[in-house]
Each structure stands twice: as structure tokens, then as C-alpha cells.
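Colleague: These are the residues of each chain, in order.
Protein chains: 2
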Amino acid sequence: MDYRKVKESSFKLASLSADKRNAALRAIKDALVNQKDRIIQSNKADLERAKIENIAQPLYKRLKFDEDKLAEVVGGIESLIELPDPLFATLLRRQLDDGLILSKETCPIGVIGVIFESRPDALVQISALCVKSGNCSVLKGGSEAMQTNITLFEIIKEAGQNAGLPENFITLIESREGVNEMLKCHGDIDLLIPRGSNEFVQYIMENSKIPVMGHADGICHVYVDKDADFAKAIPIIMDSKLQYVAVCNATETLLVHKDAAGILNMLQEQAKGKIELRGCEATRKYIDCIPAEEIDFNTEYLDAILSIKIVDDIQEAVNHINRYGSHHTDCIITENDDAAAFFMDNTDSAGVYQNCSTRFADGFRYGFGAEVGVSTGKLHARGPVGLDGLVTYKYKLRGNGHLVADYSEGRKTFKFKDF
Amino acid sequence: MDYRKVKESSFKLASLSADKRNAALRAIKDALVNQKDRIIQSNKADLERAKIENIAQPLYKRLKFDEDKLAEVVGGIESLIELPDPLFATLLRRQLDDGLILSKETCPIGVIGVIFESRPDALVQISALCVKSGNCSVLKGGSEAMQTNITLFEIIKEAGQNAGLPENFITLIESREGVNEMLKCHGDIDLLIPRGSNEFVQYIMENSKIPVMGHADGICHVYVDKDADFAKAIPIIMDSKLQYVAVCNATETLLVHKDAAGILNMLQEQAKGKIELRGCEATRKYIDCIPAEEIDFNTEYLDAILSIKIVDDIQEAVNHINRYGSHHTDCIITENDDAAAFFMDNTDSAGVYQNCSTRFADGFRYGFGAEVGVSTGKLHARGPVGLDGLVTYKYKLRGNGHLVADYSEGRKTFKFKDF
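Those protein sequences? They're chains V and P, same order as listed.
Residues 50 to 468 (the working numbering) are what the first sequence spells out, left to right.
Residues 50 to 468 (the working numbering) are what the second sequence spells out, left to right.
FYI, nobody ran anything at the bench for these hints, they're computed from the structure.
One thing to keep in mind: the hints can contain errors.
Each computed BS3-like pair below joins lysine-lysine, with the alpha-carbon atoms no more than 30 Å apart [stated by the list, open to error]:
no.: 1; chain 1: V; residue 1: K464; chain 2: P; residue 2: K321
no.: 2; chain 1: V; residue 1: K258; chain 2: P; residue 2: K258
no.: 3; chain 1: V; residue 1: K281; chain 2: P; residue 2: K281
no.: 4; chain 1: P; residue 1: K258; chain 2: P; residue 2: K233
no.: 5; chain 1: P; residue 1: K321; chain 2: V; residue 2: K466
no.: 6; chain 1: V; residue 1: K281; chain 2: P; residue 2: K118
no.: 7; chain 1: P; residue 1: K258; chain 2: V; residue 2: K233
no.: 8; chain 1: P; residue 1: K466; chain 2: V; residue 2: K153
no.: 9; chain 1: V; residue 1: K118; chain 2: P; residue 2: K464
no.: 10; chain 1: V; residue 1: K461; chain 2: P; residue 2: K323
no.: 11; chain 1: V; residue 1: K275; chain 2: V; residue 2: K61
no.: 12; chain 1: V; residue 1: K54; chain 2: V; residue 2: K206
no.: 13; chain 1: P; residue 1: K281; chain 2: P; residue 2: K307
no.: 14; chain 1: V; residue 1: K275; chain 2: P; residue 2: K323
no.: 15; chain 1: P; residue 1: K54; chain 2: V; residue 2: K118
no.: 16; chain 1: P; residue 1: K233; chain 2: V; residue 2: K461
no.: 17; chain 1: P; residue 1: K321; chain 2: V; residue 2: K461
no.: 18; chain 1: V; residue 1: K321; chain 2: P; residue 2: K461
no.: 19; chain 1: V; residue 1: K307; chain 2: P; residue 2: K321
no.: 20; chain 1: P; residue 1: K461; chain 2: V; residue 2: K281
no.: 21; chain 1: P; residue 1: K118; chain 2: P; residue 2: K100
no.: 22; chain 1: V; residue 1: K118; chain 2: P; residue 2: K466
no.: 23; chain 1: P; residue 1: K307; chain 2: V; residue 2: K61
no.: 24; chain 1: V; residue 1: K54; chain 2: P; residue 2: K153
no.: 25; chain 1: P; residue 1: K466; chain 2: V; residue 2: K258
no.: 26; chain 1: V; residue 1: K275; chain 2: V; residue 2: K206
no.: 27; chain 1: P; residue 1: K464; chain 2: V; residue 2: K281
no.: 28; chain 1: P; residue 1: K118; chain 2: P; residue 2: K258
no.: 29; chain 1: P; residue 1: K275; chain 2: V; residue 2: K61
no.: 30; chain 1: P; residue 1: K466; chain 2: V; residue 2: K307
no.: 31; chain 1: P; residue 1: K153; chain 2: V; residue 2: K461
no.: 32; chain 1: V; residue 1: K275; chain 2: P; residue 2: K153
no.: 33; chain 1: V; residue 1: K275; chain 2: P; residue 2: K307
no.: 34; chain 1: P; residue 1: K61; chain 2: V; residue 2: K466
no.: 35; chain 1: V; residue 1: K466; chain 2: P; residue 2: K461
no.: 36; chain 1: P; residue 1: K461; chain 2: V; residue 2: K110
Short derived list, chain P residues pointing at chain V, Cβ under 7 Å [to be verified]:
no.: 37; residue: D239
no.: 38; residue: N256
no.: 39; residue: K323
no.: 40; residue: T441
In this text, a Cβ means the ideal position worked out from N, Cα and C, and glycines have one as well.
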């Protein structure tokens, strides 16, 4: 792949108006609908191969791309078209002096590499988000979905180019070696968004100089405060842990204030046959469960397992989360708003919750309309990342022969005025 | 150094109100004024050692910390106190459903490591910026300024702690080994801001997993368009190149549209005895100068040297800048606003200018009141970085027992409403 060429396309894409980008999205949407049969045919080939290779049932389900899935992604593109343009927004307009005008304007990041899981619908969602935000996308999907991905890519590329998008606005990588080649393209690729297993994301982070946005693991906590309402706490714990265990915003560890330890019996009752409980020594004085080792508190189970620790006070709970957590999403159950405020200010996570499930940490549930991933880093975008996370800004300064020497030598002074 | 303890202090600092942080800044300012003699005494020791070691004159000048410098940094702290609080600002407040309220609020990044040049006033400026933005600072200054830095650090630390800032709100590193130790503290230090030579910044970027904000080099360009007013162009080129040659926003390369090559004779006249000109082959048909090699266009001279290249059109100019530049600041000289718009949209730099000196790329000249550095990265902060670049945000979600299962199983639907 010549990523230099992708980079050059990105400047052309960056200067297209919102109307042109939206028109291209409409053309892409129509092409997907019109070539429905071709897509489903390709997906059948992937599904057949998956059957022969005997892949796990949940993976098989995610691989499937039928009329319902198509309707869903088409609906997604339609709502994306309706969203306000994230580009060319003026964040600041300031007179520095007579005739010297500074403006800070949003612009695309440039070229974004996204490595995603086996769902072929992710290819459509991500490439559409990139078109909307004026970024070129370089995509690598799961190899199980290869045929479907190639077909979707060809349809999107053709429709987008015919609608005026620059060549290389979208690139598909088909091999693992292609990923390694991409990791070396510091300078031509501006941002990597890896979605997948902890080990995989770690590998990307350690093997590229390109900035990475995302998260390696999701070790989320629910803390039951001494002022908790147990009737609220139990369903929140069950939902946070069990509603979908294989995702990053599922809770892995329950922290319980020592004065709230009475909840443990209720929890054990509810969890019976559903969740494997692993408790610290103090926990095991209240309920009979598997002992939790140090490593449990460092583990993203992605399974129906919950580690439990009793803490002396809210400070210990916060310290535990800041030390063992992954800065993703953590929740306090309390009726005491001062305790909630302390927890929210002192917990170093992208999402800090009171009295609701950690599973809400998601771009769609936040009303962003779309999500490229969840970031546990603290720079640029944090938490669920929507369109906003795909743009940066530049400073434009327009003058009329203005020189710095005039100001540093006192002949002129700045006249700052925002307008 | 136990950076875990610094990290823990950072959570305490993060929850302090603006009043408390401003009161601490006032106490620090008073302490610096009251202990003026002690500071100047320490600085004399550094200056004497510098004399013995025969350090270069510009370095000696920057090392000096006298009453004027003190007045300057005290004035800086006073204006910092007046600036609006960058923390606890609500960027978004959204109802997700009845009683389920999402808010996106600014908060500090946490612990920020800054490695800066020999000016001791930088220590005061940076630590004050960090206090204002609720971040703990870990500072390493130039070894030439060691005595002055230790004294300033002791005064600031004592005054800050007495005014209620947490222990470890400021840390001074005194050795090069201390820097290497810091680079390994991924997880406890959230951001590194190295200021200094290209090689040094590269070293930091390559030897730490901690995110780095800043710039390695500053290869800025002035492009003289075919519709340029030469009478504006010449002073802008001279100011961009010569006003202060040793800084990142000084221009290193001049690009000239082939139809504007008439400017070269005027420039040669002006530059005589002041700037060494190095031209491409086409340039040397117009003026007699040293040949510019490929490497010249990759070089940040930091000296009174200017490389010159003639280009066929604006697209070639933009391509050259995007390829050889450092995404810092680049200027077009033109009376044609369409050409300026094309240049500004297609040039991939933090600052894109029309008809003014590249030397304006500076936090103070942008009216930010303060600057921690200039970023040539595209994520998080870009260009001159003020207080805004030292904060991130978190999402706070307050509910009343809300569960995701209710939404995914259709019993409830989201009612998004911003307010």
C-alpha cells in the first residue's frame, strides 16, 4: 500500500463541503441497498466457510449480514447524514490587532486506521463516520468476514468515488502482514483505533509510533457505599455484570463498604447459578465463595465471574479503583450526594456513575448517534468516542503584512478582542 | 521518586475549588516576592558557575534571574489568577431518560512531567499553570540553573502546601537519571511536555510509553504566491526568518511561485550580509547563491540561513510543505483569498497563515495569557498550548437504579434531551 497517496487524498477530502460529503453518504447508502443480493451472497460464502471451520456460535452470529443488518446500517448512515457537520466549525475568533484575525477551526485528523472485529456492519459504520468527518479510512476487519468485507468495500469505494470523494478515501487491508505494514506508516497515518482483545490492542500500542485511541481492557467497578439503597444496588450489580458479559463496560469487581456488607447475602441469593463470586477474606466471613486472589482484581473476566472486596471507607474504594481499574467506567451506589461527588471527582475514569449500570458507557446510549470506540486514555477523546473524536482543529491567522518585530520592539501593541 | 504518591496527590488537587487554587497561587506569588533576595543569591551562584564554565552568551542571558525577571513572573501569576477556571466546566448536559442525566465536565489530566530549557522563569510559569489547571507537576530544568531552580522549587512548594495544596503538588528532578526514571512511570505520569532540542524531544518520544505533547522540530515555510504583493512579502520573509532565529516558529524555507520569481532579486538585496540564501536549481537562475540540497529542505537551521525553492503552482507548494514541513506554522503571501483558502485547507499544519509572519505562532501572541509549549501533533492540543491543553474531561452519569437491560429488551426507550 502506498500510504503517501492515501495521505494526499486526505487533504482533498478535508476541503470538501458538508453537502458533498453528505451527498456521497447518500450515494453509498443507495449503492448498498441496490446491491443487497451481492452483499448477502458474499456473506453466505463467509458463513459457509465459518461452518466448515466450526467457529463459535456468538462469532457466527456476529458474522451474519442479512437484510435486517443491512437495514440497520442504512438507518445508521441516514442518521449520520442528519447530524451537524463536525468540520469548519469556528471554536474561537479573535482579533489580535487591527487587521490581524485569528480563528480556530475544526478540521479532520487525516488518515485513520481502524482494526475491527468480525462484524461486517462495523466496516460500513466506520467508513461512513470517516466520510462524515472528512477522514480517509484504512480498514482491517476480521478474516472470517473477508468476502463480505471485500464486497462492502468495493461497493462503498465505487459509490463514494462516483459521488466525488477522492481516490483512496477508503482502503481495505486483507492480511495480517498488511496490518504490520500499516503500523510502520507514522507520518502518513495519523491515528489508529484498534478494537479487539486486550493482547491485540497492547500489541498495536507497543509496535507503532502512530497515536492509538481506544482501550486495552475494561475493568469496571461497582462500589456499594454505606449509604446505598440495596434495593437499587442489587439490580444494578446484576445488570452491570450480566447484561452482556463479553464487553468492556461490564463490571468485573464489586467493592462493598464494610457497613454495607449486609448486601452480600442478598447478592449471593440473586447470583446463584448465574454468577461465580470470588471474595476477599473479609467477604468470605459473610458468604461462602471462592477466594479472590490479587490477580482477580487485575482481571477482565469477560465472563459471568465477579470479584468482591470489602473496603473500610470510600477513600479505600477510590484508591482500589484508581490502582486496579482501567479508567473506563466505575459506579457508586449511594443515596448520599456528597459521597457521590467525592467519588466522581476522585475516581480517575472516563465515566463516573451514580446509581446506574456501567453498561450505559456506550456512544449510542450517550446519544452520540455513532461510536468509533471507547477511549481510556486521557488525551484527545475520552470515554465513548463519536464524531467529535475524529476531528482536530487548526489555527488560521490572516494579516496584512503584520510583523512580530513591531510588537517586540514596542512600535505596536496587541489589541485582543474576541468576536 | 515515588510517583505513585504524586499520582495520589493529583486526585486531591483535582477536587480543590478554583478559589483554593487561586489562593495558593496568591500565596506562591507573595512568597516569591518576599524571598526575592534568596532567589537572586541562588541565581548568582549559577551565573558564577556559568562564567567559569564559559557558557555561550545567549544561554547566560536566559539563565539570569534578576528583579526584572521576578517582576515578570509575578505579573504572569497575577494574570493567571484572573483567567477563568478551566476546571468543572460543563461541556454537555443531556437527559438520556427520565432521571438519567449525563454531564461532560472538564477535569485535570493528572500528573504532568515537563522538561524545560535553562530559563529558571520557566519553572515558575509551568508550575503556576499546573496549579491553575489542577495538575501535579514534575519538573526538570536545565542543569545550568540548578541552584536557582532548587530555591524557586522550595519556595513554591512550601507556600503552596501552607495554602492547602496537597503534598507532591510539585516535584523537582535534579538529575538526568531522574528523567530516565520518570520516562518509565507510565500509569503514574499522564503526560510529558519536553521542551528543548529536536534530538532530545525525539529521545523522550522514543523512550517512554507516556503520551508526549510538543514538537521535535519547527520547519516553517513562507510561500510567495503568484498573486503576492512583494512589498508585503519581503518584510514578512525577513521577520519570519530573522526576528529570532533560534526558535521553532522561525521560517526555514521559502517557496516561490515561478511567476513570482521576480521577488528573488529584491530578497537578495535585503538579505545581503544578514541571511545566507541556499537555492534550488531554478532559484539559481535568478540569483547567485549557495545550492540547496535535498537535506536543506529537511533542516531546521535555527540560524540565519534560508533555503529557497521555486514551485510551479500552489499545489506543489502545499505538497512540499506537507512532505518536508513539521506541521507547525506555514504562511502564504497572496492577495487572492481563494488561493489563501486553498492553502489553509490543504496545508496540514497547526497554524496556516496569510500575509503575516510565522513568528506569531505563540501562546502569548494568540492571547492565551500563558503557554506550556507548541504541539505539532494532531490529537488533543494543537499549536500553541495554553491552559486548555492541560485539562481533559470525564463523563458523569447520575441515575436512580437505571439498568441497560430495560432498554435493550424494549421496556424503556431513551429520551435524549440536552439542557
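Colleague: Hint by hint, work out which the structure violates, then give me just those numbers in ascending order.
Modeller: Per hint list: 1, 3, 5, 6, 11, 14, 15, 16, 19, 24, 25, 26, 28, 30, 31, 33, 34, 35, 38 and 39 violated.
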